[in-house]
Amino acid sequence: MLETRSRPNQAAVGSSAVSVKNLHIRFGADDSGFTALSDVSVEIPAGSLVTMLGPSGCGKSTLLRTVADLVHITDGSVSVHGQTPRKAREGRDFAFVFQEATLLPWRNVIDNVRLPLLVGKREAGATYADPEELLALVGLKGREKAMPHELSGGQRQRVAIARALVTRPRILLMDEPFGALDEITRDKLNEELLRLWQETGTTILFVTHSIPEAVFLGQHLLMLAAHPGRVKEFMKVDLPYPRSLAMRDTVEFIKVTAYLRKLLGEC
Amino acid sequence: MANALPSQADGRDLTDGNRFRALDAAVSAALRHLPATLAILGCILLWQLVVWGFSVPTFMAPGPVDVIKAFGENAGILWTNFWPTLMEAVLGFIFGNVIAVLLAVWFVHSPLAERAFYPIAVIIKSIPIIALAPILVLLVGNGIAPKIIIAGLICFFPTLVNMVQGLKSASPAMLDLMRILSASNSEIFWRVRLPGSLPFLFAALKIAATSSVMGAIVAEWIGSSYGLGALIIEATYNFRSPLLYATVVIAASLAVVLFFAVSFAESKIVRWKPTTDH
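As you go down the protein sequences, you meet chains A and B in turn.
One point on numbering: in numbering that gives the first Met the number 0, the residue at position 216 of the first sequence is 215, and numbering is uninterrupted.
One point on numbering: in numbering that gives the first Met the number 0, the residue at position 233 of the second sequence is 232, and numbering is uninterrupted.
Chain A extracted, bound-state conformation:
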């Protein structure tokens, strides 16, 4: 199923999925513009789950969008499996999940999942995941024909995740995907995302503004400081997998969140 990847040159363990070197991002004209990211360098190990945290205006979304080829690079470099973001986008190397589910309201669930297979350049000979299987994976078996307005916010976000996985991307870029959901739904989707990550081996970059969410999910954690956006801390989260929600009440977990809260205060 999803574990067995048809794609060649699967990055070897220990290599980088995303490599960011001395990245500068400026928006607007030289004098009136502002610097979103300043001299950011980070290596995202292949197969890892990296959460990105920081105060608003620190450029965590900008960094994610730069990897996704949605933002023009002012200076420095971003490489995605050794390619430019543009080549990686055209090769369907990554997929993106937004805070909104961005489903087309006139297409039913399964047709929304199929959307990436209908548009853009498709690689010759590339094999894609089975949309029905993916819906089962995200817990929406039997809702294939439902329309988006018949689903809850959490269910819509599950459809968005299934749609992101349909091209079998090696990297999943997630920009506060659960930020608009209630806490119970969010907890559940967090647990399921971990399961999905472990089943598929996809590299995940996950932007959030919630410290517990960043710690609960993250194998590594990247904290950015604001004005200008720069790397404050890139650390390994020393908590064992599989993680359960109960883990959030352990002393070890709370130690990490307390440390991060203090760090965030300095940003």
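Mixed in with the good hints there might be a few duds.
[To be verified] Below, a list of computed lysine to aspartate or glutamate pairs in the EDC-like style, where the Cα atoms sit at most 20 Å apart:
#1 Lys267(B) - Asp129(A)
#2 Lys254(A) - Glu232(A)
#3 Lys272(B) - Asp110(A)
#4 Lys144(A) - Asp129(A)
#5 Lys272(B) - Glu143(A)
[What the hints assert, rightly or not] Computed spacing ranges between beta-carbons, pair by pair:
#6 Thr256(A) - Leu22(B): 57 to 65 Å
#7 Asp29(A) - Trp105(B): 56 to 64 Å
#8 Arg20(B) - Asp129(A): 29 to 37 Å
#9 Glu143(A) - Ser170(B): 52 to 60 Å
#10 Glu131(A) - Pro118(B): 47 to 55 Å
#11 Ser170(B) - Phe26(A): 17 to 25 Å
#12 Arg114(B) - Arg113(A): 34 to 42 Å
#13 Arg20(B) - Arg194(A): 36 to 44 Å
#14 Ser109(B) - Thr256(A): 46 to 54 Å
Simulated from the structure, these hints should not be mistaken for lab results.
For each residue, glycine too, the CB sits at the ideal point set by N, CA and C.
Use these hints to put chain B onto chain A, whose structure you have.
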């Protein structure tokens, strides 16, 4: 397919269920419209009573009974004048809206075109239709053409404004998604922008459906010898008030029928509801 049989059974249940639901819906719709129906009948009754009670002369204000009689006596005239007006309204509706939609598509793809021609559209819109009619008669003659143009012009502007707004209504995140999927501009147009604009388009088409009839009638007032507009003028000058009222009823009914035709098309085409993620 292990569940083929149960799902077939489900299907049969559903059709039965639908039949009951349809009946239920019809009954509740009738009940919902009952107050409006009674109010309308009440108004007509009051009108008749006032005409009788105050002995209002027929040429001044005919009662409902006179109007109904006029329908019978003038069926031929009403019928022959109904068709030209219907044709003008429908053709004007089609041309006006097609041009508005095409222009909106152009505007959305070319901001320069929008900046250049949008003001002209506003200027044309601000000319009173009744003043435009004689100009058009001088330009294109007294045939069916000026009527179609006026009916079209009246539809044109609301559709242009709504369609531009509708084509621009796609969310930035949706457009980002399409970019990440390396979708071409035409794919974005056909798969995202155009379907997303349909609710906006139909809102405008419903306005256009009724105003196209008005446009055709106003155009017929300017030196036309046929159509409901011409009949209104003729009946007024000859004090044939029951015929005048009957013509007005026909014109109003035509507008209502066109409105419901568009509403019906909308209910068949736009079968989804917009979702709000926030």
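Earlier hints that do not hold, by number: Going through the list in order, the structure violates hints 1, 7 and 9 and respects the others.
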